[in-house]
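Enquirer: The chain contents come next:
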Amino acid sequence: MNAAIMLFPGINRERDMAIALTRSFGRPPRMIWHREADLTGIDVVVIPGGFSYGDYLRCGAMAAHSPCMAAIRAHAVRGGYILGVCNGFQILTEAGLLPGALLRNANLRFIARDCCLRVERGDTVFTSHYQRGQVFRAPMAHGDGNYFADPATLDRLEGEGLVAFRYAPPVGNPNGSARDIAGILSPNLRVLGLMPHPEDLVDPLLGGEDGKPLFDSLAAA
Amino acid sequence: MTARTVDAALAREFGLAAGEYARVLAILGRTPTLAELGIFSVMWSEHCSYKSSRLWLRQLPTTAPWVIHGPGENAGVVDIGDGLAAVFKMESHNHPSFIEPYQGAATGVGGIMRDVFTMGARPIANLNALRFGDPAHPRTRHIVDGVVRGIGGYGNCVGVATVGGEVDFHPAYNGNPLVNAMTVGVARRDRIFLSAAAGVGNPVVYVGSKTGRDGIHGATMASAAFAGDSEAKRPTVQVGDPFTEKLLIEACLELMATDAIVAIQDMGAAGLTSSSVEMAGKGGVGIALDLDAVPQREAGMTAYEMMLSESQERMLMVLRPEREALARAIFAKWELDFSVIGRLTDSGRIVVRHRGRIEADIPLAPLADQAPLYRRPTAPPAPPPPLHRLPDPAGLAPALLRLLACPDLCARTWIWDQYDATVGGQTVKRPGAADAAVVRIEGHARALALTTDCTPRYCAADAAQGAAQAVAEAWRNLTAVGATPLALTDNLNFGNPERPEVMGQLVAAVTGMAAACRALDFPVVSGNVSLYNETDGRSVLPTPAIGGLGVMEDAAQAVGIALPAGHDLVLLGAATGHLGQSLWLREVAGQAAGWPPQVDLPAERRVGDFVRARIRAGGVAACHDVSDGGLLVAVAEMVLAGDVGAALLPGPDGLTPHGFWFGEEQARYVLAVGDGAALVAAALAAGVPARRLGTTGGGDLTLPDGATISLMTLRQAHERFLPDWLEQGREFQAQG
Amino acid sequence: MKATVTVMLRPGVLDPQGRAIAQALHALGFTGVAEVRAGKVIELDLDEADPTRARAQAEEMARRLLANTVIESFRVEIG
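Chains as they are written, first to last, in this note's numbering: chain A, 126 to 346; chain B, -18 to 717; chain C, 107 to 185.
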């Protein structure tokens, strides 16, 4: 698997993501500036967290409508893997590659603390190193992570098994997300978006390796 | 602004005293233009010239073998090993944060980050030292909310982890909160960029955001006391754009990897004026600016407005001419303005042209050398009210619960939860996990330890002891995680220096700091002085905030405060039961009296060096210094952090229980170790007072008088205040 | 031609900001306020001089970028 990290102006967790990918893949990912959208030879495109275009207008809106999204869309159509974390998830929903939208957190505040995620399925390329039902810890850091979709879409996501992670006790649902949804998959299970940051918990010295199985899963695919 | 006649009255409005204006006339040999008057007024403001404090700051030690650049550059630079340097500074944004808390705090964070990346360092951590008014005051809640949102809003967006800080409340800050922001960056030690311009004919380049009319005379505002009408000053507050700051960081660091830059400085207070004057002045060259080339956000700006604008996210650079195209391409990639707005000259003057006219022509040497310097009258600070002998008014358990719940000691979780502390993927100890934040350096085992400290109520009672205590506590907090303290940055916040008693506090504080810095080998490498922090004649408490930086070779050695079960608790350092100016005295006994604890610098060093050596040797499971609230509060904080109970032994004979458990003597640490008796023996052998305090385990805190408090009760007491007050809108009621 | 695009959350989408504003207004004594919805206004200065074409352009901009029609609705005013 060859991984690449997409760099939009204002992205700020690309270094964290590169560290996590390097740890699991054994080699650093390619870093691709958004104007050089050549994805040749790339298996998994990662859109990291941050504040692309300052989160102005809406989180992820400007990046989702930037020219390089054509290449990312083509990658998706080819059946390539895409991982969007935090702002990356927001960009994927704004681009229509995943359904729904991320609204302001219900408490109207930026929330930066660890949450607990329950793995809803362990048979995807992103989650094979987790067990279904396993709960793991992940730092979260966002102001707009309140997942919203209309009830029909939510029913479809649940019915088709496209919910990847849900917020779980003891921390619970910190941002008001519908049906505790923290991360969702595309129907072909090749596009994953999630709000929390597993890439920030891949080192025992930094508090644990709870996030590492996600990257190990990808590396093993 | 319509053309105003420049005269002594206008100079007065601009903040220049009569004698200062006379000096301007003598330097120029004529009446200044409006732009020139603006330039003199901001360069000679307290904020830029340090005219009241400069004389005294010379006492502070600023050198050590590991100091690369001390005060005088944009930030201090110290060698941290592995060929790396830490670049750091703290700066205030007090007045803007009172007027518009969100933007005031946000732009404070932005400004201090620019001071750091200007020198070639990637910012890796932000900290802040905040002082707010009485929680019962109607405006305090609004200010706390806005400042916390502003700090988070800016730092989170730029993607620099906010890893530490401190918050106090006191009525003296009702009309004048203190927002001191600190940034720490890391650079290669042989790739530090300075601000001294060089090379006659070299292009002077403006990069970043466009210039608007925001913040005009901000530096002067920071040098004036508030009157009740300060709300009317709102239009001068700058608005921050963290997105542009992020682009500016990346673009500057990309350019700094080349050899294009001769000199660089951010446009902070007094914007284009101070950056151009200081760069040319330090380099001993002249500078010619063409304001028509300045990227402008608004139409019809005058030279005066452009020279004084404090629009944010702008930098000024001097480039090698043959690298101009390369630099332009980098800034185009990051979609930032890039404009050659002048050249260096050999005239020794700053010459400003606009629309075909010379709007300013000032010799640089006298602008710097003849800047006012005052030896203002001082009066000795009044001694604190005497402390009378006290019975124990509450017993240990109720007193502990009351202390843990009070605004100055309650959990800061509500604040920390709004700051991204993990971005960057190197935060080893997050806020609250240890006495100092620990941030590893990417690609290295090495880590920096970072803290901010000051206890203003000590400084109000005894400015010299209080300032020494602030330095000692910062040194102690770095030590408590296992780091070697290297250097500090300071932010001296005081009232109006034209009042002799305020000047007396400042002088005493600097003297106390200097003694502590010397004794602890802990030099001052950067800093900021913020004066005129008063509203309607009421000064803030003297607040010399200290930002400390230490280094550890191996981040894995960092120790936090969380207790593990099955360990012994040991107190290192002498217990004398000192309750003067303690929080117990204020919160439980209801008086603010007595002298603050004395700082015994040789003891501080002896105990600290012993603690650090024990941590390095391994076997210390947790370590916490004893500060606000005393020993029992320190133990309770360790219990809560570890979610593990403890059972405590009685204190020594000869001390009252409340004196032993709530006294705030300095130079003390609580350690959790496997074998407490062995640690006590080793400490005593090294001349360090030591005493076993008890053992850890279970789900309760058992006090020596037999009372037990469940962890849940402790936690509820500790965590209630900020969420109740800020989220539920519950009014604060002082307990009494 | 000036176009003003007003973007609001769709009815049924929880608007915590509007709710917070309502609570704050109630706290200030404006008890007559029932519901508050918060949105945003975007002003566009268009080269287009024909109002019909200007409207069409602004609506296209709103659909493609200015509003996220999953959660937001918009209204365009010309002039």
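I should point out that these hints are in silico values taken from the structure, not numbers from a laboratory.
Hints are not guaranteed to be accurate.
To be verified - Straight-line alpha carbon distances no greater than 30 Å define the calculated DSS-like cross-link-like pairs of lysine-lysine that follow:
1. B:Lys191 with B:Lys314
2. C:Lys108 with B:Lys263
3. C:Lys146 with C:Lys108
4. B:Lys263 with B:Lys191
5. B:Lys263 with C:Lys146
Quick caveat: nothing in here was measured; it's all calculated off a predicted structure.
Enquirer: Indicate, hint by hint, whether the structure satisfies it.
Expert: We went through each hint and held it up to the structure:
1. B:Lys191 with B:Lys314: holds, 17 Å
2. C:Lys108 with B:Lys263: violated, 50 Å
3. C:Lys146 with C:Lys108: Holds, at roughly 16 Å.
4. B:Lys263 with B:Lys191: Distance ~26 Å between B:Lys263 and B:Lys191 Cα, so the pair holds.
5. B:Lys263 with C:Lys146: violated, 48 Å
Consistency with the previously given hints fails for numbers 2, 5, ordered from lowest to highest.
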